[in-house]
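Every number in our numbering is 1 more than the matching position in the sequence shown, counting from 1.
To be clear, the hints were calculated from the coordinates, so they are not data collected in a lab.
Misleading hints may appear alongside valid ones.
Restraint ranges, calculated between C-beta atoms of paired labels, are given here [said to hold, decoys possible]:
(1) Thr25 to Ser80: 20 to 30 Å
(2) Arg239 to Pro99: 37 to 47 Å
(3) Lys226 to Thr52: 37 to 47 Å
(4) Gln83 to Trp43: 26 to 36 Å
(5) Lys226 to Glu42: 44 to 54 Å
(6) Lys226 to Ser39: 12 to 22 Å
(7) Glu318 to Pro260: 10 to 20 Å
(8) Arg239 to Gly110: 39 to 49 Å
(9) Pro99 to Glu51: 18 to 28 Å
(10) Glu318 to Glu182: 21 to 31 Å
(11) Glu222 to Ser80: 20 to 30 Å
(12) Ser321 to Gly257: 36 to 46 Å
(13) Gly257 to Glu139: 21 to 31 Å
No more than 27 Å apart at the CA atoms, straight line, and that leaves these computed lysine-lysine pairs for DSS-like [what the hints assert, rightly or not]:
(14) Lys320 to Lys196
(15) Lys6 to Lys72
(16) Lys113 to Lys196
(17) Lys281 to Lys226
(18) Lys201 to Lys226
(19) Lys113 to Lys72
Glycine residues also receive a C-beta, built at the ideal position from the N, C-alpha and C atoms.
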Amino acid sequence: MAKLKPSKGAPYARILGVGGYRPTRVVPNEVILEKIDSSDEWIRSRSGIETRHWANDEETVAAMSIEASGKAIADAGISAEQIGGVIVSTVSNFRQTPAVATEIADKLGTNKAAAFDISAGCAGFGYGLTLAKGMIVEGSAEYVLVIGVERLSDLTDLEDRATAFLFGDGAGAVVVGPSQEPHIGPTVWGSEGDKSETIKQTVPWDQFRVGDVSKLPLDSEGNVKFPAITQEGQAVFRWAVFEMAKVAQQALEAAGITPGDLDVFIPHQANERIIDSMVKTLKLPEHVTVARDVRTTGNTSAASIPLAMERLLATGEAKSGDTALVIGFGAGLVYAATVVTLP
Numbered sequence: 002m003a004k005l006k007p008s009k010g011a012p013y014a015r016i017l018g019v020g021g022y023r024p025t026r027v028v029p030n031e032v033i034l035e036k037i038d039s040s041d042e043w044i045r046s047r048s049g050i051e052t053r054h055w056a057n058d059e060e061t062v063a064a065m066s067i068e069a070s071g072k073a074i075a076d077a078g079i080s081a082e083q084i085g086g087v088i089v090s091t092v093s094n095f096r097q098t099p100a101v102a103t104e105i106a107d108k109l110g111t112n113k114a115a116a117f118d119i120s121a122g123c124a125g126f127g128y129g130l131t132l133a134k135g136m137i138v139e140g141s142a143e144y145v146l147v148i149g150v151e152r153l154s155d156l157t158d159l160e161d162r163a164t165a166f167l168f169g170d171g172a173g174a175v176v177v178g179p180s181q182e183p184h185i186g187p188t189v190w191g192s193e194g195d196k197s198e199t200i201k202q203t204v205p206w207d208q209f210r211v212g213d214v215s216k217l218p219l220d221s222e223g224n225v226k227f228p229a230i231t232q233e234g235q236a237v238f239r240w241a242v243f244e245m246a247k248v249a250q251q252a253l254e255a256a257g258i259t260p261g262d263l264d265v266f267i268p269h270q271a272n273e274r275i276i277d278s279m280v281k282t283l284k285l286p287e288h289v290t291v292a293r294d295v296r297t298t299g300n301t302s303a304a305s306i307p308l309a310m311e312r313l314l315a316t317g318e319a320k321s322g323d324t325a326l327v328i329g330f331g332a333g334l335v336y337a338a339t340v341v342t343l344p
């Protein structure tokens, strides 16, 4: 048996830069109320959401990713040519192949960087961050770009009272690079496939080839509905509140810190009630800054954590060097939590 050469990667990795992009169109709750029987007060009380951003035709998954990535690369103080890997987490890029990551890598000007897409729903950023860390420590790349991007407005049923108000569009990106000290803790991640029906696409793509309209959902005017994301709200809420707080606690323990050591908490921006419940269950001290980007951005799935991180740093609510707990959770059901040092 041949003896393989050992890898020569960095001892550790850290986030070096962050960038975000939010579409120009801001959509208030009043627009959502045009097609559902609800109220602005009800939406705010149940989700905390006041507005969300929806992309126009030019704000594609690739275009938004490129904008966010350019900012992250500049923030990291490196050039695009130094990027050795591009990881894109999304559930809303409708072209199955090739991966949108390859288009992004090319248009950014990377030097033939390894590029691929992953699908892990609202936990996708955490999955991508973990893969990037592994690439750097293993030595297959010096700098890796991790992007969370969604156009969930394309997958929103505006007649579904339970979900019409939830989703937004946007892209968030971070550059992960080498470090001599640990700045990305161990990841606590996993899946619970027995709950896969609680968040899902209404109709699989292959159903549109059948040609039998009777098997497809119709809107109020009798038109075939485009596939949309649906969820069992109460089941997801209970799972997130009770189970994800446990995962967050495990991530703290894996990193060797306590809630009192935290400066910032950046959970997936799914619902402000879930965020409030997790803060209470984790018994976070009052000094810990809690991301609440959901209020004006909505639920952007894989993009929510990097977008929230970018906003906290841009507004001064968090600062470079702060210790942050990040946790994503969603369709699958899947989850990923870790402790990071902010760039």
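Worksheet item: Any of the earlier hints contradicted here, and which numbers?
Response: 3, 4, 5, 9, 11, 12, 14, 15, 16, 17
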